[in-house]
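4 protein chains.
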Amino acid sequence: MKLLVLSIFFSVSICASTVEAQKENPVVKYHATLETVKYVYGVAPSVARLGPDDILETNTLDAFGDAIQKPSDTLALVKGDNPLTGPFFIEGAEPGDAIAVEFLNLEVNSSQGVGAFAPGFGALNSTDYTPMIQPALPERIWLYPIHSGDNTATFQAHDSNFSVKIPLHPFLGCIGVAPANGEARSSVVPAEFGGNMDASESSVGNTLLLPVNVPGALLYMGDGHAAMGDGEIAGTAIEVPLRVRLRVRVIKGQRIEWPRFENQNEIMAVGIYRPLDDCLRIAFTQLIQWIHQDYGLSELDAYELLSKVATVHLAEMVDPNYVVIAKVDKKYLPPRKASH
Amino acid sequence: MKLLVLSIFFSVSICASTVEAQKENPVVKYHATLETVKYVYGVAPSVARLGPDDILETNTLDAFGDAIQKPSDTLALVKGDNPLTGPFFIEGAEPGDAIAVEFLNLEVNSSQGVGAFAPGFGALNSTDYTPMIQPALPERIWLYPIHSGDNTATFQAHDSNFSVKIPLHPFLGCIGVAPANGEARSSVVPAEFGGNMDASESSVGNTLLLPVNVPGALLYMGDGHAAMGDGEIAGTAIEVPLRVRLRVRVIKGQRIEWPRFENQNEIMAVGIYRPLDDCLRIAFTQLIQWIHQDYGLSELDAYELLSKVATVHLAEMVDPNYVVIAKVDKKYLPPRKASH
Amino acid sequence: MKLLVLSIFFSVSICASTVEAQKENPVVKYHATLETVKYVYGVAPSVARLGPDDILETNTLDAFGDAIQKPSDTLALVKGDNPLTGPFFIEGAEPGDAIAVEFLNLEVNSSQGVGAFAPGFGALNSTDYTPMIQPALPERIWLYPIHSGDNTATFQAHDSNFSVKIPLHPFLGCIGVAPANGEARSSVVPAEFGGNMDASESSVGNTLLLPVNVPGALLYMGDGHAAMGDGEIAGTAIEVPLRVRLRVRVIKGQRIEWPRFENQNEIMAVGIYRPLDDCLRIAFTQLIQWIHQDYGLSELDAYELLSKVATVHLAEMVDPNYVVIAKVDKKYLPPRKASH
Amino acid sequence: MKLLVLSIFFSVSICASTVEAQKENPVVKYHATLETVKYVYGVAPSVARLGPDDILETNTLDAFGDAIQKPSDTLALVKGDNPLTGPFFIEGAEPGDAIAVEFLNLEVNSSQGVGAFAPGFGALNSTDYTPMIQPALPERIWLYPIHSGDNTATFQAHDSNFSVKIPLHPFLGCIGVAPANGEARSSVVPAEFGGNMDASESSVGNTLLLPVNVPGALLYMGDGHAAMGDGEIAGTAIEVPLRVRLRVRVIKGQRIEWPRFENQNEIMAVGIYRPLDDCLRIAFTQLIQWIHQDYGLSELDAYELLSKVATVHLAEMVDPNYVVIAKVDKKYLPPRKASH
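Chains as they are written, first to last, in the numbering used here: chain Z, 2 to 341; chain H, 2 to 341; chain W, 2 to 341; chain R, 2 to 341.
It should be emphasised that the hints constitute simulated quantities derived from the structure, not laboratory data.
One or more hints might be untrue.
Intra- or inter-copy, both count: the list cannot distinguish identical chains.
[To be verified] With a straight-line cut-off of 27 Å between C-alpha atoms, the simulated DSS-like cross-links for lysine-lysine are:
hint: 1; residue 1: Lys80; residue 2: Lys166
hint: 2; residue 1: Lys30; residue 2: Lys80
hint: 3; residue 1: Lys331; residue 2: Lys30
hint: 4; residue 1: Lys166; residue 2: Lys338
hint: 5; residue 1: Lys80; residue 2: Lys332
hint: 6; residue 1: Lys166; residue 2: Lys332
hint: 7; residue 1: Lys80; residue 2: Lys253
hint: 8; residue 1: Lys331; residue 2: Lys166
hint: 9; residue 1: Lys166; residue 2: Lys71
hint: 10; residue 1: Lys331; residue 2: Lys253
hint: 11; residue 1: Lys30; residue 2: Lys166
These figures come from a predicted structure and were not determined experimentally.
Working from the sequences, and respecting the hints, build out all of it.
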């Protein structure tokens with residue numbers, strides 16, 4: 002009974018969350034610094050607790066711990082990649098539940114962003130996991146002035162006199178929970194627990210579902226991006242610190258194996274690993290299972306239908322694991338069943 | 002000199018092609034039947050010759066040779082997959098040139114389309130090249146009534162009482178030329194010569210560039226799709242015969258290694274092979290080279306910029322080779338140089 | 002100076018270790034039980050400390066925690082996969098060092114071994130990371146009587162009247178240390194820290210080098226195999242508890258990025274991840290670097306030479322990460338330099 | 002009836018072929034030159050016909066058409082890669098049959114071999130199909146003096162004063178037939194029809210089974226190797242012209258989907274494509290099917306048994322498709338059924 006109510010509330014909330022209910026909600030504020038960030042998703046003392054109606058207001062450092070500030074700065078200044086704000090203890094979350102993170106507001110918290118090419122990182126050059134013996138490309142840093150007026154960042158070429166404005170689409174490159182089975186994973190890695198998914202879907206208007214593996218889920222976030230291309234092929238987005246406003250709900254008893262996104266129009270299943278072929282297989286088998294369980298189509302009907310109407314978003318192919326998101330517009334699906 | 006003129010003409014034509022010039026152009030008509038189709042991209046006697054101003058009006062059979070017509074029909078009726086209309090000899094095309102195919106009009110030439118699940122074909126089940134020893138899924142055929150009034154096809158679930166309309170987006174799943182180095186390739190395979198790319202970009206509003214490997218290029222086409230999801234994961238789109246209207250121009254001296262698409266807003270490089278990781282690498286190294294040569298950015302600046310603004314379209318992961326298309330909006334690029 | 006001495010000692014010890022020195026060495030005995038095993042490679046209180054001359058005598062449970070004992074037993078009885086004996090604190094080991102594990106004796110500690118096919122595990126069927134939507138294969142368990150007389154295990158077919166003897170080659174499927182960067186990893190996963198490598202090279206006559214990431218290295222072991230085919234394709238070897246006798250030396254200041262094996266005749270570099278293509282790239286770039294640093298060939302000469310004389314052992318393609326070992330016979334290399 | 006006889010004869014012949022029967026057999030001699038070689042596996046006029054008892058004596062040019070003769074020679078001198086001797090029309094071979102090629106004698110036909118590093122080819126550097134944007138490695142050529150006295154070739158390092166002898170193991174890097182479905186494939190590509198498999202198993206003592214796709218099979222061979230490391234990682238073996246002596250038998254009605262090898266001790270199934278993961282899946286599903294059909298084990302028993310006793314040979318990971326060979330010793334199998 003309770004399950005049913007929560008489930009309906011969840012479905013509704015996705016559409017209505019940005020409007021008005023927040024005013025009444027208590028706000029939990031937490032300020033992260035280079036001294037308090039973490040570099041691992043795992044079990045650690047929580048920095049704050051979030052109740053079911055709480056709104057979290059916090060901040061994230063950029064992927065370099067805000068270490069790159071001027072053209073002469075180098076990656077040697079960076080103390081650790083992807084410093085994480087958290088963990089936040091989600092009240093009521095128990096293993097076997099899912100949590101739903103609603104992104105209420107994400108704002109770039111700097112007047113410039115950073116792009117960097119680091120030898121050993123990128124889709125078109127040697128990496129630790131696809132090593133080659135050719136000479137490495139040199140390190141390079143691009144700074145992107147942020148213009149709040151027209152909501153853009155500016156790319157300025159190094160080797161020619163060209164600049165262009167890029168519209169901002171702020172999102173959290175890293176968001177995840179403590180992993181299952183007692184594992185602790187680097188903030189550079191995405192996996193079943195979320196993490197460094199570099200998914201532009203982690204942004205306002207979308208809800209992210211994550212599995213709960215430990216009491217309180219232990220939510221971490223970081224690696225803000227002002228804008229990113231599909232695949233993040235050179236290894237970075239426009240890296241920025243963010244001001245973050247979000248809300249987390251617990252969905253009791255909803256066991257999910259991989260992260261999921263949802264918005265007013267779409268359901269989206271995330272596949273994470275390598276090669277991309279297997280990411281795609283994970284994402285689509287999860288999406289078919291989701292459709293089968295929540296919308297009632299047979300697996301083979303869902304397979305056939307997705308072959309005609311699905312969309313695929315390649316989030317990134319540069320982290321130790323890659324991320325592919327398989328999506329379908331809800332308008333192509335039967336009505337959702339009352340409970341999931 | 003001549004090169005320069007052709008090149009400008011080409012750039013302009015992409016934007017203006019659908020408007021009025023066609024009326025004056027001579028029309029070459031060719032009608033394909035099950036008796037005249039081919040099943041291999043290679044050197045064969047041409048069925049017609051196309052001059053630089055000619056417009057081709059022809060037709061393609063569906064991927065099953067139009068063999069599936071009613072619910073009780075099975076894939077055993079199919080004589081050969083992806084029957085191809087052609088080859089068309091493109092006058093003036095020599096090895097080392099490229100041809101630019103403008104899709105002027107593509108119309109579904111049937112009152113129904115076909116979707117089929119064939120054991121051994123699909124992204125989420127055993128195939129010839131990713132074989133598993135689990136029991137196979139059974140063959141299944143879905144028929145999709147086509148509604149010309151609202152320009153949709155209807156999916157009707159097999160295992161439940163659900164149907165939904167899908168908007169039509171007709172395109173040629175197969176389009177390619179005779180391969181290089183004396184090879185001849187099956188109509189099921191996409192590769193450097195194009196072929197079974199299953200790219201929804203092979204549609205009105207886009208221009209496709211293909212390398213020329215033999216005199217006359219020898220253009221083939223087939224496998225019309227009324228609509229398709231990214232990845233074509235169950236192995237088929239809504240398969241239909243098409244009425245085709247297109248024009249082909251020769252770009253002298255433009256050596257390209259892989260197919261490319263272009264429209265008013267975007268340039269798009271195609272990567273074809275497996276795994277998807279390598280498709281992506283091919284597509285993006287080609288796109289970087291294209292930007293470097295035609296738009297003047299350094300390779301490293303292009304790499305960085307694409308990491309912020311590129312988009313990726315996964316066309317299919319079900320044919321013997323997979324297809325990924327890397328794209329960038331021209332608004333993010335410097336002005337194009339006068340010649341390529 | 003000290004470095005030099007240690008290094009020579011290490012080289013010598015590989016050849017001479019099995020002969021006589023052990024008698025004088027102190028023996029550290031530790032008995033592992035289902036109550037004391039671990040399921041994660043990470044930082045945990047050590048169960049014993051090993052000095053530079055100590056010999057460890059211990060035991061490992063089989064991959065199923067010794068839960069499968071008779072034909073009617075099922076995998077539902079298994080409490081956790083790959084229970085690990087340890088961790089052992091290696092005295093003097095500091096981050097930036099390597100440890101060298103010499104396998105002195107490994108004996109099957111049971112009168113039967115277990116082979117199991119578990120749905121979701123295997124190279125030729127759906128898994129969590131290469132999921133398919135076909136029906137799963139059923140769970141199956143094969144018991145292998147062990148014959149100490151002729152040192153064999155017997156395969157008995159389920160579906161026909163056929164049995165055959167298989168020679169024993171006991172090795173530790175799991176052996177690894179606490180990972181770097183604060184990570185903790187499941188006993189099912191192999192990675193840079195070693196772990197579930199399923200490498201038959203973890204056996205008497207070989208020495209395994211592992212990187213040290215935390216003080217004391219924290220060595221774990223388990224998952225004994227009585228015999229295994231290349232690739233371990235159905236997901237299990239002949240799984241057995243083992244009696245283990247080994248010695249661990251610290252190689253100060255030898256920073257290695259991936260595990261390495263060495264014996265009297267060969268040096269062997271391990272590559273771990275997926276797909277196999279990348280395993281191979283890791284293994285061979287590591288082997289080239291090893292040859293370059295310790296034997297003085299240029300990288301390009303080493304690349305060329307390995308293309309003529311290297312051997313490759315595919316250890317397994319069934320764990321979450323795959324394992325490939327690239328080897329070269331020392332007879333093809335210049336004399337080793339005095340220090341590493 | 003006839004089938005049975007042929008089958009037994011074939012089984013026997015594998016063991017006894019090198020002894021004496023050849024003397025009575027008619028010998029077909031054919032001398033290949035740079036003028037008569039082919040660069041494509043496909044349908045072409047045969048250069049000779051081989052009857053069931055004929056022994057073919059012929060020769061192959063090296064992978065560079067014998068163009069590299071002295072240290073100052075460069076790859077620019079090469080007219081085409083992997084020139085092929087043939088095709089030979091195998092009398093009685095019809096689509097649906099297999100042919101069995103017995104390698105009777107292979108001799109290096111030169112006083113030196115060639116190793117070359119060509120930018121764009123190799124497992125640890127950018128290639129056409131795994132492109133990177135890093136600077137390329139330079140072209141390099143190593144010459145290997147052949148010593149018939151001790152049956153070795155000598156590697157001489159470029160960048161240091163080191164040389165070492167490598168034992169000869171001559172084999173045909175290329176051997177294949179006209180492909181199915183009207184395809185014609187480059188001599189650089191291995192696939193279902195065999196081709197550039199770079200399998201050291203194509204050597205004396207082994208028999209190669211190839212599918213027959215066109216009347217007469219049309220057998221081609223070339224790309225002799227004096228010795229090669231597993232994976233052929235830098236892109237070449239010790240490349241040599243060969244003197245070839247072999248015999249071909251037709252196995253009527255034996256439909257095989259991929260090449261197979263067999264010798265006195267082992268049956269071996271070849272998997273060809275990319276990534277290696279899929280090569281392995283192809284090789285092992287074929288080997289399981291072979292065991293099931295010819296030796297009577299159930300598929301699941303064969304899967305389990307191979308997980309304990311199979312061996313894997315990675316032939317190459319540098320050609321456009323990769324090659325993995327899965328093997329099992331016949332001593333682990335039930336008696337072979339009388340007919341296959």
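Here's how the hints hold up against the structure:
no. : hint               : result
1   : Lys80 with Lys166  : neither (30 Å within a copy, 49 Å between copies)
2   : Lys30 with Lys80   : within (25 Å within a copy, 41 Å between copies)
3   : Lys331 with Lys30  : neither (35 Å within a copy, 42 Å between copies)
4   : Lys166 with Lys338 : between (44 Å within a copy, 21 Å between copies)
5   : Lys80 with Lys332  : neither (47 Å within a copy, 36 Å between copies)
6   : Lys166 with Lys332 : between (34 Å within a copy, 9 Å between copies)
7   : Lys80 with Lys253  : between (38 Å within a copy, 25 Å between copies)
8   : Lys331 with Lys166 : between (34 Å within a copy, 12 Å between copies)
9   : Lys166 with Lys71  : within (19 Å within a copy, 54 Å between copies)
10  : Lys331 with Lys253 : within (23 Å within a copy, 47 Å between copies)
11  : Lys30 with Lys166  : neither (33 Å within a copy, 47 Å between copies)
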